[in-house]
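Protein chains: 2
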Amino acid sequence: MKKVAVVGVGMSKFGELWDYNLRDLVVQAGVEAIRDANLEGSEIQALYGGTMASGRLIGQEHISALIADAMGLNPIPATRVEGACASGSLAFRNAYFAIASGAYDTVVVGGVEKMTDASTAEAVTALGGAGDQEWELLQGATFPGLYALMARRHMLEYGTTEEMLAAASVKNHANAVHNKYAQFRREITIDDVLNSKKVADPLKVLDCSPITDGAAAVILMDLDKAKQHTDNYVEIVASAQASDTLALHDRESLTEIRATKIAASEAYKQAGIGPEKIGVAEVHDCFTIAEVMAVEDLGFFKKGEGGKATLDGETKIGGKIAVNTSGGLKACGHPVGATGVKQIVEVAWQLRGQAEGRQIDGVEYGLTHNVGGSGATAVVHILKRR
Amino acid sequence: MKKVAVVGVGMSKFGELWDYNLRDLVVQAGVEAIRDANLEGSEIQALYGGTMASGRLIGQEHISALIADAMGLNPIPATRVEGACASGSLAFRNAYFAIASGAYDTVVVGGVEKMTDASTAEAVTALGGAGDQEWELLQGATFPGLYALMARRHMLEYGTTEEMLAAASVKNHANAVHNKYAQFRREITIDDVLNSKKVADPLKVLDCSPITDGAAAVILMDLDKAKQHTDNYVEIVASAQASDTLALHDRESLTEIRATKIAASEAYKQAGIGPEKIGVAEVHDCFTIAEVMAVEDLGFFKKGEGGKATLDGETKIGGKIAVNTSGGLKACGHPVGATGVKQIVEVAWQLRGQAEGRQIDGVEYGLTHNVGGSGATAVVHILKRR
Chain A
1 MKKVAVVGVG
11 MSKFGELWDY
21 NLRDLVVQAG
31 VEAIRDANLE
41 GSEIQALYGG
51 TMASGRLIGQ
61 EHISALIADA
71 MGLNPIPATR
81 VEGACASGSL
91 AFRNAYFAIA
101 SGAYDTVVVG
111 GVEKMTDAST
121 AEAVTALGGA
131 GDQEWELLQG
141 ATFPGLYALM
151 ARRHMLEYGT
161 TEEMLAAASV
171 KNHANAVHNK
181 YAQFRREITI
191 DDVLNSKKVA
201 DPLKVLDCSP
211 ITDGAAAVIL
221 MDLDKAKQHT
231 DNYVEIVASA
241 QASDTLALHD
251 RESLTEIRAT
261 KIAASEAYKQ
271 AGIGPEKIGV
281 AEVHDCFTIA
291 EVMAVEDLGF
301 FKKGEGGKAT
311 LDGETKIGGK
321 IAVNTSGGLK
331 ACGHPVGATG
341 VKQIVEVAWQ
351 LRGQAEGRQI
361 DGVEYGLTHN
371 VGGSGATAVV
381 HILKRR
Chain B
1 MKKVAVVGVG
11 MSKFGELWDY
21 NLRDLVVQAG
31 VEAIRDANLE
41 GSEIQALYGG
51 TMASGRLIGQ
61 EHISALIADA
71 MGLNPIPATR
81 VEGACASGSL
91 AFRNAYFAIA
101 SGAYDTVVVG
111 GVEKMTDAST
121 AEAVTALGGA
131 GDQEWELLQG
141 ATFPGLYALM
151 ARRHMLEYGT
161 TEEMLAAASV
171 KNHANAVHNK
181 YAQFRREITI
191 DDVLNSKKVA
201 DPLKVLDCSP
211 ITDGAAAVIL
221 MDLDKAKQHT
231 DNYVEIVASA
241 QASDTLALHD
251 RESLTEIRAT
261 KIAASEAYKQ
271 AGIGPEKIGV
281 AEVHDCFTIA
291 EVMAVEDLGF
301 FKKGEGGKAT
311 LDGETKIGGK
321 IAVNTSGGLK
331 ACGHPVGATG
341 VKQIVEVAWQ
351 LRGQAEGRQI
361 DGVEYGLTHN
371 VGGSGATAVV
381 HILKRR
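Line by line, the protein sequences are chains A and B.
Here the numbering used here is used: position 384 in the first sequence is 384, and no number is missing along the way.
Here the numbering used here is used: position 72 in the second sequence is 72, and no number is missing along the way.
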């Protein structure tokens with residue numbers, strides 16, 4: 001396989017962006033990434049886009065051709081990739097394969113979701129399409145409900161507490177204060193989380209990622225070409241993905257995401273390192289319990305100890321492993337198809353020393369972890385500093 | 001790039017399949033393909049799925065993880081690729097890249113759409129998401145309406161007649177009689193087409209592809225491995241894709257699909273042959289005018305002469321170039337995400353000498369041509385006989 005680098009990154013503001021449509025958001029992120037890469041649009045050979053539910057949210061499928069059109073990149077090949085909330089990472093991964101195969105040497109990846117044009121009920125229904133429609137959603141399960149089941153089981157098996165879950169949200173809000181693109185740039189306390197409205201017991205509003213508009217983009221380039229083009233690249237040293245059943249009832253365990261464990265194991269093997277070498281990680285905290293499971297399943301902490309480690313500050317900036325320096329899905333926001341690409345953007349900024357106000361010193365390896373639905377898809381990437 | 005072969009193909013019946021859900025259809029096609037390849041499920045390393053609008057048609061996104069689950073293929077990576085009506089070809093193309101990169105050597109590609117669980121109005125609205133929602137569909141344009149504009153302009157510029165368009169439908173129905181998987185296995189006449197109900201003048205019901213349930217699957221394998229595994233492979237010698245504006249009003253011409261021309265030119269270059277070497281072609285006849293434009297844009301006939309050539313029988317089995325021996329989208333049926341994969345299945349059968357009742361003698365090269373929407377995406381593949 002040819003080796004591949006990230007040579008440019010960009011993103012739009014994340015938030016409730018009433019003044020921008022989907023085209024506006026992808027152009028903002030895409031133009032920033034192309035400028036950051038010091039390229040002209042005409043040097044881009046193909047486009048991959050990640051979007052989860054544009055059909056239901058804004059009535060528009062065929063979204064990557066639309067993005068290519070909006071960015072003035074026609075007639076390059078434009079391909080949408082979907083894997084629910086992991087759509088952005090899957091777009092990134094397939095762009096990586098396209099370059100690794102030798103078919104292209106410069107490819108743009110965009111992730112986008114325009115969620116606030118739909119009503120909250122419509123958005124919740126659309127997001128439900130990430131789970132098992134026939135076995136879960138038609139029976140009344142919602143996504144907070146599914147993750148609440150996992151949280152209850154984790155609390156039962158490992159003594160995880162609501163305070164421990166809340167600590168993930170508090171940390172991510174604190175990190176987002178320093179991220180000018182984030183949706184919620186304000187600190188909150190554990191009491192704020194515990195006293196916020198119940199959504200699906202034990203999860204409260206401040207345990208849940210929000211509904212968000214936003215886009216993120218990165219430029220990938222063949223590594224040999226990247227080395228000639230710029231001093232400002234980061235190398236992709238692992239790309240791994242795994243699947244599981246859509247429905248929770250078919251899984252052996254409710255307290256782990258098996259697809260994460262398999263993808264992480266494969267990613268560490270590809271990179272030739274273990275989790276102890278990772279200096280910064282963007283993980284999929286769609287709910288606080290998801291971050292607690294992620295830091296365990298990714299091997300940063302032993303199974304059952306993720307909650308305590310979070311409460312003890314071990315996942316803060318300056319802790320054992322800095323998790324979600326961007327603010328994560330909780331505080332940076334979660335425009336579903338954009339999230340996986342935004343994770344790459346944040347890790348690239350960290351590895352390039354450009355994460356203003358939240359920079360980790362001396363970080364050599366960064367990891368991204370993106371989950372689709374309640375864990376039927378998991379994607380892990382590892383990036384390395386130049 | 002590593003070279004890649006098709007080593008197994010399969011499909012479900014195409015039609016109004018009230019007794020099967022989406023899972024059933026993909027399992028039927030997938031199991032047939034795996035058996036045809038003489039493999040065990042455990043030998044499959046990754047899955048790509050093409051689906052256009054499962055979110056709107058059956059409330060289910062995250063469709064490739066669901067397929068992997070239904071086929072018992074967890075935990076292999078499962079990725080959905082979408083490009084409207086070209087979704088199947090894009091899934092095939094990205095599986096091809098994944099193998100060409102060296103990441104995997106055996107990958108299954110499935111295409112599926114379950115359309116008849118939605119009302120016709122819901123299906124038409126969902127299909128509309130392939131065009132430009134903001135500029136076309138919200139203004140009242142439907143897909144038959146968009147292609148009717150192209151037909152009118154083609155008639156004006158080149159003297160193409162309604163009889164010439166009808167001849168494409170008549171031929172495809174005649175071919176489908178010999179395809180046991182086809183939705184409409186009955187011959188029709190030009191008068192039948194001309195006297196059928198108007199949908200969008202000059203297009204009548206029998207100029208339009210139907211709403212269909214169905215799935216198709218193929219197994220791709222690294223060519224070197226395929227040669228050791230089987231005598232029954234076909235080689236992929238070209239994979240090309242191009243994009244255009246979603247909205248018709250932004251295009252320079254209404255009488256060609258520019259993305260088809262660009263993708264075809266690139267495909268012929270990759271294969272090192274011209275259109276005269278192609279013995280069989282599955283082209284995207286979502287409407288009869290689409291087939292007429294396709295046989296021109298692919299270089300089989302000069303611009304403006306596609307209609308006359310069709311009426312003269314030059315695209316029949318035994319003509320200059322056999323087009324849509326499967327029955328095409330018109331008569332085999334058009335389960336949107338499945339169509340691109342079904343085209344590969346049909347061409348593979350032709351190249352392996354297994355197209356019972358409709359076999360082209362001595363065919364060495366076959367071509368597939370799959371269009372997304374009204375031409376914002378076009379994908380061309382060329383396969384070669386062993």
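Quick caveat, the hints were computed from the structure, so don't treat them as lab data.
One or more of the hints may lead you astray.
Note that the list lumps identical chains together, so a pair holds whenever it fits in one copy or between two copies.
[Stated by the list, open to error] DSS-like, lysine-lysine: derived pairs with alpha carbons at most 27 Å apart: (1) LYS2 - LYS269; (2) LYS225 - LYS198; (3) LYS180 - LYS13; (4) LYS13 - LYS2.
Checklist entry - When no copy is specified for LYS225 and LYS198, does a C-alpha distance of 27 Å or less occur within a copy, between copies, both, or neither? => result neither (52 Å within a copy, 55 Å between copies)
Next on the checklist: At most 27 Å between alpha carbons: which applies to LYS2 and LYS269, within, between, both or neither?
Outcome noted: both (17 Å within a copy, 23 Å between copies)
Checklist entry - Should LYS180 paired with LYS13 be assigned to within, between, both, or neither, using CA atoms and 27 Å as the limit? => result within (8 Å within a copy, 53 Å between copies)
Item to check | Homo-oligomer pair classification [LYS2, LYS13; C-alpha up to 27 Å] | outcome: Neither way: LYS13 and LYS2 sit 33 Å apart in one copy and 40 Å across, limit 27 Å.
Going through the hint list in order, the structure does not satisfy hints 2, 4.
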